[in-house]
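K.L.:
With the hints as constraints, model all of the structure from the sequences given.
One letter stands for each residue in the lines below.
Protein chains: 2
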Amino acid sequence: MRTYDPRWRWANNISPTQLIILFYLAAVLISTCLLALPIAHQKNTDLSFIDVLFTAVSAISVTGLSSVPIHEYFNTTGIILIAFTMQLGGIGVMTLGTFVWLLFGKKIGFKERRLIMADQNQGSFKGAVSLMRQILIVILTIELIGFLVLGTYYLQYFPTAKEAYFQGLFASISATTNGGFDITGQSLILFQDDYFVQFVHMLLIVLGAIGFPVLIEVKHFIFASNEERNFIRFTLFTKLTTVTFLVLIVMGAIVIALLDSGHFFANKSWHEILFYSLFQSVTTRSGGLSTMDVGQLTEQNELFMSALMFIGASPSSAGGGIRTTTFALVVIALYHFARGNKQINIFRREIHAEDLFKAVNVTIFGILIVFTSAVILASIEPFSLTEVLFEVCSAFGTVGLSLGITSELTDVSKVILMLLMFLGRVGILTFLYSLHRKSSGANYHYPKERIIIG
Amino acid sequence: MRTYDPRWRWANNISPTQLIILFYLAAVLISTCLLALPIAHQKNTDLSFIDVLFTAVSAISVTGLSSVPIHEYFNTTGIILIAFTMQLGGIGVMTLGTFVWLLFGKKIGFKERRLIMADQNQGSFKGAVSLMRQILIVILTIELIGFLVLGTYYLQYFPTAKEAYFQGLFASISATTNGGFDITGQSLILFQDDYFVQFVHMLLIVLGAIGFPVLIEVKHFIFASNEERNFIRFTLFTKLTTVTFLVLIVMGAIVIALLDSGHFFANKSWHEILFYSLFQSVTTRSGGLSTMDVGQLTEQNELFMSALMFIGASPSSAGGGIRTTTFALVVIALYHFARGNKQINIFRREIHAEDLFKAVNVTIFGILIVFTSAVILASIEPFSLTEVLFEVCSAFGTVGLSLGITSELTDVSKVILMLLMFLGRVGILTFLYSLHRKSSGANYHYPKERIIIG
Ligand SMILES: [K+]
Ligand SMILES: [K+]
Numbered sequence: 017m018r019t020y021d022p023r024w025r026w027a028n029n030i031s032p033t034q035l036i037i038l039f040y041l042a043a044v045l046i047s048t049c050l051l052a053l054p055i056a057h058q059k060n061t062d063l064s065f066i067d068v069l070f071t072a073v074s075a076i077s078v079t080g081l082s083s084v085p086i087h088e089y090f091n092t093t094g095i096i097l098i099a100f101t102m103q104l105g106g107i108g109v110m111t112l113g114t115f116v117w118l119l120f121g122k123k124i125g126f127k128e129r130r131l132i133m134a135d136q137n138q139g140s141f142k143g144a145v146s147l148m149r150q151i152l153i154v155i156l157t158i159e160l161i162g163f164l165v166l167g168t169y170y171l172q173y174f175p176t177a178k179e180a181y182f183q184g185l186f187a188s189i190s191a192t193t194n195g196g197f198d199i200t201g202q203s204l205i206l207f208q209d210d211y212f213v214q215f216v217h218m219l220l221i222v223l224g225a226i227g228f229p230v231l232i233e234v235k236h237f238i239f240a241s242n243e244e245r246n247f248i249r250f251t252l253f254t255k256l257t258t259v260t261f262l263v264l265i266v267m268g269a270i271v272i273a274l275l276d277s278g279h280f281f282a283n284k285s286w287h288e289i290l291f292y293s294l295f296q297s298v299t300t301r302s303g304g305l306s307t308m309d310v311g312q313l314t315e316q317n318e319l320f321m322s323a324l325m326f327i328g329a330s331p332s333s334a335g336g337g338i339r340t341t342t343f344a345l346v347v348i349a350l351y352h353f354a355r356g357n358k359q360i361n362i363f364r365r366e367i368h369a370e371d372l373f374k375a376v377n378v379t380i381f382g383i384l385i386v387f388t389s390a391v392i393l394a395s396i397e398p399f400s401l402t403e404v405l406f407e408v409c410s411a412f413g414t415v416g417l418s419l420g421i422t423s424e425l426t427d428v429s430k431v432i433l434m435l436l437m438f439l440g441r442v443g444i445l446t447f448l449y450s451l452h453r454k455s456s457g458a459n460y461h462y463p464k465e466r467i468i469i470g
Numbered sequence: 017m018r019t020y021d022p023r024w025r026w027a028n029n030i031s032p033t034q035l036i037i038l039f040y041l042a043a044v045l046i047s048t049c050l051l052a053l054p055i056a057h058q059k060n061t062d063l064s065f066i067d068v069l070f071t072a073v074s075a076i077s078v079t080g081l082s083s084v085p086i087h088e089y090f091n092t093t094g095i096i097l098i099a100f101t102m103q104l105g106g107i108g109v110m111t112l113g114t115f116v117w118l119l120f121g122k123k124i125g126f127k128e129r130r131l132i133m134a135d136q137n138q139g140s141f142k143g144a145v146s147l148m149r150q151i152l153i154v155i156l157t158i159e160l161i162g163f164l165v166l167g168t169y170y171l172q173y174f175p176t177a178k179e180a181y182f183q184g185l186f187a188s189i190s191a192t193t194n195g196g197f198d199i200t201g202q203s204l205i206l207f208q209d210d211y212f213v214q215f216v217h218m219l220l221i222v223l224g225a226i227g228f229p230v231l232i233e234v235k236h237f238i239f240a241s242n243e244e245r246n247f248i249r250f251t252l253f254t255k256l257t258t259v260t261f262l263v264l265i266v267m268g269a270i271v272i273a274l275l276d277s278g279h280f281f282a283n284k285s286w287h288e289i290l291f292y293s294l295f296q297s298v299t300t301r302s303g304g305l306s307t308m309d310v311g312q313l314t315e316q317n318e319l320f321m322s323a324l325m326f327i328g329a330s331p332s333s334a335g336g337g338i339r340t341t342t343f344a345l346v347v348i349a350l351y352h353f354a355r356g357n358k359q360i361n362i363f364r365r366e367i368h369a370e371d372l373f374k375a376v377n378v379t380i381f382g383i384l385i386v387f388t389s390a391v392i393l394a395s396i397e398p399f400s401l402t403e404v405l406f407e408v409c410s411a412f413g414t415v416g417l418s419l420g421i422t423s424e425l426t427d428v429s430k431v432i433l434m435l436l437m438f439l440g441r442v443g444i445l446t447f448l449y450s451l452h453r454k455s456s457g458a459n460y461h462y463p464k465e466r467i468i469i470g
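So the sequences go chain by chain: A and B. Per my numbering, the first sequence starts with residue 17, numbered consecutively. Per my numbering, the second sequence starts with residue 17, numbered consecutively.
Note that these hints are calculated values from the structure, not bench results. None of the hints are false.
Since the list gives no way to pick one copy over another, a pair counts as held whenever it fits inside one copy or between any two copies.
Once the Cα atoms are required to be at most 20 Å apart in a straight line, the calculated EDC-like pairs of lysine to aspartate or glutamate come out as:
1. K358 with D371
2. K358 with E370
3. K255 with E366
4. K284 with D309
P.N.:
Structure representation (structure tokens):
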């Protein structure tokens with residue numbers, strides 16, 4: 017028998033997934049208030065409420081789409097606030113919340129641990145708290161290294177050391193959290209010939225988008241002794257997500273290169289083609305930074321990139337979309353369904369039918385949401401279906417790539433993009449679970465009857 | 017022990033679904049040869065092979081898309097051949113094959129019964145032969161009534177009785193088989209103010225697209241005595257498919273009317289809006305005839321109608337697409353998945369998880385196929401994504417509505433549309449089953465491991 021305090025009844029009735037959504041909403045609210053402060057704005061500019069809200073949602077969801085040019089409307093204070101918001105969103109409101117708890121030395125109770133578990137989708141309560149601490153250490157270490165490398169390298173690009181390191185810090189946070197915001201006004205186009213800068217950015221984006229569990233497992237492996245390594249077994253999740261992630265990047269780059277071989281890449285050298293297509297493929301995972309104006313690509317390439325953005329990043333990462341694992345499971349489900357297999361094995365493990373069912377449902381929900389949003393945008397905006405589909409997929413995948421139309425959209429469309437960014441970051445599964453009533457099982461059974469599928 | 021004739025070994029290794037595909041291919045081949053005969057063509061015309069093939073595939077799959085204006089290129093003989101081909105495709109190669117067997121008095125063996133069962137997706141062998149006979153009787157009766165009513169009514173439209181009844185016969189076959197071909201060159205636009213003609217056509221289209229099992233069950237009910245009726249129980253399939261079919265038509269008409277309320281319907285009377293939107297909604301189930309130039313509708317309406325066409329008709333009907341039952345099961349799956357229900361009941365029956373899994377897989381396959389085709393067409397044709405998506409969905413749903421671009425497509429695009437029509441008619445599930453090896457179950461089990469979905 018546990019003691020029961022009636023004042024906390026409402027909190028006990030809230031599910032972990034509902035709490036996560038409440039936390040994200042609170043984070044958006046706070047960021048909006050902060051970014052609305054006049055001290056964050058450039059002089060003589062007038063930001064509308066919807067644009068401040070859009071920037072806050074975009075930063076918390078680490079998307080990076082912006083309805084106004086950031087550097088024209090926000091001053092250094094504003095940019096620091098945006099970086100802080102990205103950090104908050106990228107590492108996750110829950111992780112940061114846990115960190116605060118740890119700092120203040122409080123013992124983390126069952127409720128909070130359940131919360132963390134649901135956000136990072138971990139299958140067991142055990143070690144959730146230590147996991148959170150590890151996440152923070154890993155991410156901050158990556159960001160620190162990125163900041164030092166980029167800041168130092170930027171000394172040749174910027175007039176003062178202060179500016180170089182400020183740009184380096186923002187770039188490192190923006191890449192690692194997959195925030196995708198740029199304060200130069202032209203993303204990484206400035207560095208389109210500097211392969212070192214591009215390589216560092218790609219590395220940071222991948223580390224932020226490949227999923228925290230993968231980072232933690234790899235960290236364990238690296239720091240383990242030779243003897244221990246023989247006993248370390250990577251989880252099925254880590255194997256599946258890493259393979260899918262890398263296959264998407266490599267295949268993505270190849271297809272992007274092929275689809276524009278007669279157009280944008282027609283007169284480019286092999287190393288230009290390699291870096292342009294590779295960077296654009298990596299960035300569709302959820303990065304959002306870009307080394308070119310993607311509007312210069314062919315329509316089929318923009319549609320292909322829309323599909324890549326729809327897939328998004330790995331679960332428990334800074335990215336959005338339906339997630340790489342969902343995509344992998346759908347591909348596996350379709351392949352085995354087409355072959356008529358009853359039982360599905362990968363990496364010598366059998367997959368739960370329930371997981372496959374989840375994956376295909378999430379995918380269909382995603383398609384319905386994205387397609388409906390695109391049809392609404394296409395009908396109220398003067399842009400083509402391809403253009404709005406690109407922007408919609410970019411928002412849902414919390415990628416932030418843009419054909420440059422977001423700033424010209426009406427307020428209704430901006431609200432739709434905000435909802436997509438929020439949903440993409442929270443994840444369809446978490447969002448749906450937040451709608452569940454606590455008890456949903458029926459105790460009676462009707463007779464089963466088959467249906468012709470057609 | 018049964019006797020075994022080695023000469024028929026290959027036939028025993030062919031699965032029923034593979035045989036169905038072979039029969040359809042044979043039907044396309046024969047129709048192509050017939051339609052290529054110069055006696056079927058108008059004088060001084062020159063039909064290319066690809067256009068003859070396109071017409072044959074379109075007729076066998078009862079789609080009705082045409083790459084050339086039928087009445088300009090085919091004479092009366094050609095039109096009769098097309099009507100015959102539609103009849104063949106609409107009633108189904110299998111049904112007709114069975115009928116020939118019955119006519120010749122041969123006892124239908126196990127193999128052939130299995131064949132019929134697979135084509136009509138019936139769950140038991142029992143009564144399959146008698147079912148086929150009933151199908152033919154029902155369809156021919158409907159066509160005969162349609163022919164007599166339309167032919168007689170057309171006396172006021174056409175100069176001679178012969179022409180009126182010829183037009184009535186073609187119209188009845190085209191509507192009942194959901195063939196959708198028109199020999200007037202402008203579909204039913206000629207009858208856009210004649211609500212009687214439209215009503216008869218809608219009725220015939222619905223009867224052809226609602227699925228043979230429904231017709232048979234309703235026929236049983238109608239011809240049963242009052243006492244017997246108390247014991248007749250409609251199957252879950254009939255209930256689900258009929259409700260879905262009617263909901264799609266009514267909701268479809270309402271949305272079509274709303275999406276163009278400020279545009280095409282702006283200055284129309286209530287009865288014009290009613291009949292225009294209702295007819296266009298009915299025709300997207302798979303009919304393909306139309307009372308207006310659908311290109312006059314808004315872009316969002318064309319996209320909405322594309323989605324309706326993608327869904328298509330009921331299984332075991334003359335239509336295509338992913339089928340109404342698949343759509344219904346996906347909606348049910350999504351609804352229950354979103355609510356977190358473990359067990360899914362409709363009409364006091366529990367649905368098999370396997371059927372739901374089939375439905376979502378078929379849907380994702382459909383989306384992938386349609387989207388990929390649209391991207392290819394958009395990249396090689398000078399038309400917008402919306403335009404090619406409409407044409408692609410029309411082909412996949414074997415609907416035959418067109419924004420008028422099919423005749424201007426390149427040969428590659430025509431081949432893609434042909435493949436879509438074929439796949440839409442055969443059905444994704446039958447097509448996938450035809451790829452199966454006979455034995456596909458593994459005898460060993462790997463340990464199961466959970467995956468984070470995201
Ligand atoms: K991003
Ligand atoms: K049709």
